[in-house]
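Number of protein chains: 4
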Amino acid sequence: MSPSLYEPTDPHYAARVRDSFDRQHFMHHIGAIVTAVTPGYCEIELAYRPELTQQHGYFHAGIIGTLADNAGGYAALSLLPPGKEVLTVEYKLNLLRPGEGERLASRGQVLKAGRTLIISQVDVYNIKNGSETLAATALMTLMGVAQKEAV
Amino acid sequence: MSPSLYEPTDPHYAARVRDSFDRQHFMHHIGAIVTAVTPGYCEIELAYRPELTQQHGYFHAGIIGTLADNAGGYAALSLLPPGKEVLTVEYKLNLLRPGEGERLASRGQVLKAGRTLIISQVDVYNIKNGSETLAATALMTLMGVAQKEAV
Amino acid sequence: MSPSLYEPTDPHYAARVRDSFDRQHFMHHIGAIVTAVTPGYCEIELAYRPELTQQHGYFHAGIIGTLADNAGGYAALSLLPPGKEVLTVEYKLNLLRPGEGERLASRGQVLKAGRTLIISQVDVYNIKNGSETLAATALMTLMGVAQKEAV
Amino acid sequence: MSPSLYEPTDPHYAARVRDSFDRQHFMHHIGAIVTAVTPGYCEIELAYRPELTQQHGYFHAGIIGTLADNAGGYAALSLLPPGKEVLTVEYKLNLLRPGEGERLASRGQVLKAGRTLIISQVDVYNIKNGSETLAATALMTLMGVAQKEAV
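Residue numbers (this note's numbering), protein chains in the order written: chain A, 2 to 152; chain B, 2 to 152; chain C, 2 to 152; chain D, 2 to 152.
To be clear, the hints were calculated from the coordinates, so they are not data collected in a lab. Remember, it's a predicted structure, so these values are computed and weren't measured experimentally. Careful, some of the hints might be misleading.
As the list makes no split between identical chains, a pair holds if one copy fits it or if it spans any two.
No farther apart than 25 Å at their CA atoms in a straight line, the calculated lysine to any residue pairs in the SDA-like style are these [unchecked claim]:
no.	residue 1	residue 2
1	85	116
2	149	57
3	129	15
4	149	98
5	129	84
6	149	40
7	129	59
8	85	56
9	85	40
10	129	16
11	113	145
12	113	58
Turn these sequences into a full structure, and let the hints guide you.
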């Protein structure tokens, strides 16, 4: 994806993304880590673990969806001002190939940052023997809300 | 959803669904269970666990997506003949409310069973103090393939 | 779909839906009509015309998408107060069967009416020789905005 | 989007795309034209006409969806062998900005060409005073079928 064209509204956007991520028990539980954050962009990686697989030993589709949701969501959060957080309104995920390899890398990029809604595009890659193949792609809608505010 | 209108092509469809489910490490890992299978329909439930949550203590969206994917997929598998399995081509998930309560119930129903593709609709409910509220809804495309066959 | 559970915020909701619909040149151009509006629900019908078809004489998928978008959108508008209008944020459409018959009927039902966003589900039916078959189904996200307001 | 990486299976792929397009009455009716076809890629343009608008004079969302569907579908068809045609299984469309300007340009690119299914990504641009802005983006699933074959 192309370099980010966005200006962050919060100079501490990266710390805020990482703090939010760290408070997600599920991401910690599966071993996901934030590997990059720039304005409008976030990359999350996850190393292979047998307990994250489906019946053929591939990464479970639910894990791929989880990583897509988080990369797209944190790409959006990186553009929001302090005191705001992001809710996933919806996402659509196409699974292109089985999820496999040493790890998955999920890369989310904001396509449009509106006043209320943010649209992100996410690609999830299999990383295997040093090469990358596209495993899944997603298109997401997110909403910025005041912290604790409901939809 | 309305009662199923489908005839199974395999009298052992329910056992086949449960066998496949049992071989998914990730579903076992999070504690999900199949609570109902009829032709073209599958229900999966998951009890609350702190390690499955996001930063506010709600069920993680990735968990909701995982349950949606599986309920829709196994609804589809219930209609396939022996020797076939099901791949998720894509799904679209709308998150309507935070996932909370004692447990989630994900209910997938086949809308159309074609020669190659199967379309499922899935609702995921929060079950809390004995009442149900709709937390998410999904629309999915699945493909029946010979076991081990690639897309 | 089940009877509506919604209370309109505007007693003149039906007139408002029909007024908005009448101002859409494209809907007039193709011959679409609003055949029912209740709170949270809207039905739009369209008679067959050769100029609305694809290469095999079926209704064009773009026409099916157009009807889905409008039925879901007006189902949402029926719940909004005066001075508000509705924007389609996104929709996902599964085409289940070729669009054919004397006419199409697109039926949109609100699944969740939030403070900012509204989620609608839409079914588009082929009506042929007096019977109906499901041609397409859609899941949509809409946003209520002040008239003329941007996203 | 990046230059195509696909090899066509039919040297006459471009003529086949244009022939199919020409047989779509609806595309002719609204004035859409194919402006580019390369292997795995198709661009369709449509000049502004008042009868294609919604209540504020913008291009109707149904028109944007129609162009997205066709650009993604013909991008897919360009890779199929003779005797095959393409069916849209489903698409998801995010509307990012109102559709306006002198014309719309819809650009579809194949992301993955599988044995049975093809996944396309489509961007629809507003072209106004010589500059382009992204109006909508879509993610689609298509299926190659023998001509006349059903889903």
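Taking the hints in turn, this is what the structure says about them:
1. 85 to 116: both (12 Å within a copy, 17 Å between copies)
2. 149 to 57: between (40 Å within a copy, 8 Å between copies)
3. 129 to 15: Result: close neither inside a copy nor across copies, 28 Å intra and 36 Å inter.
4. 149 to 98: between (37 Å within a copy, 13 Å between copies)
5. 129 to 84: neither (39 Å within a copy, 30 Å between copies)
6. 149 to 40: within (23 Å within a copy, 30 Å between copies)
7. 129 to 59: within (13 Å within a copy, 33 Å between copies)
8. 85 to 56: between (39 Å within a copy, 14 Å between copies)
9. 85 to 40: within (15 Å within a copy, 33 Å between copies)
10. 129 to 16: For residue 129 and residue 16, the Cα distance exceeds 25 Å both inside one copy (29 Å) and across copies (35 Å).
11. 113 to 145: both (13 Å within a copy, 19 Å between copies)
12. 113 to 58: between (36 Å within a copy, 22 Å between copies)
Going down the numbered hints, you'll see the structure goes against 3, 5 and 10, while the others check out.
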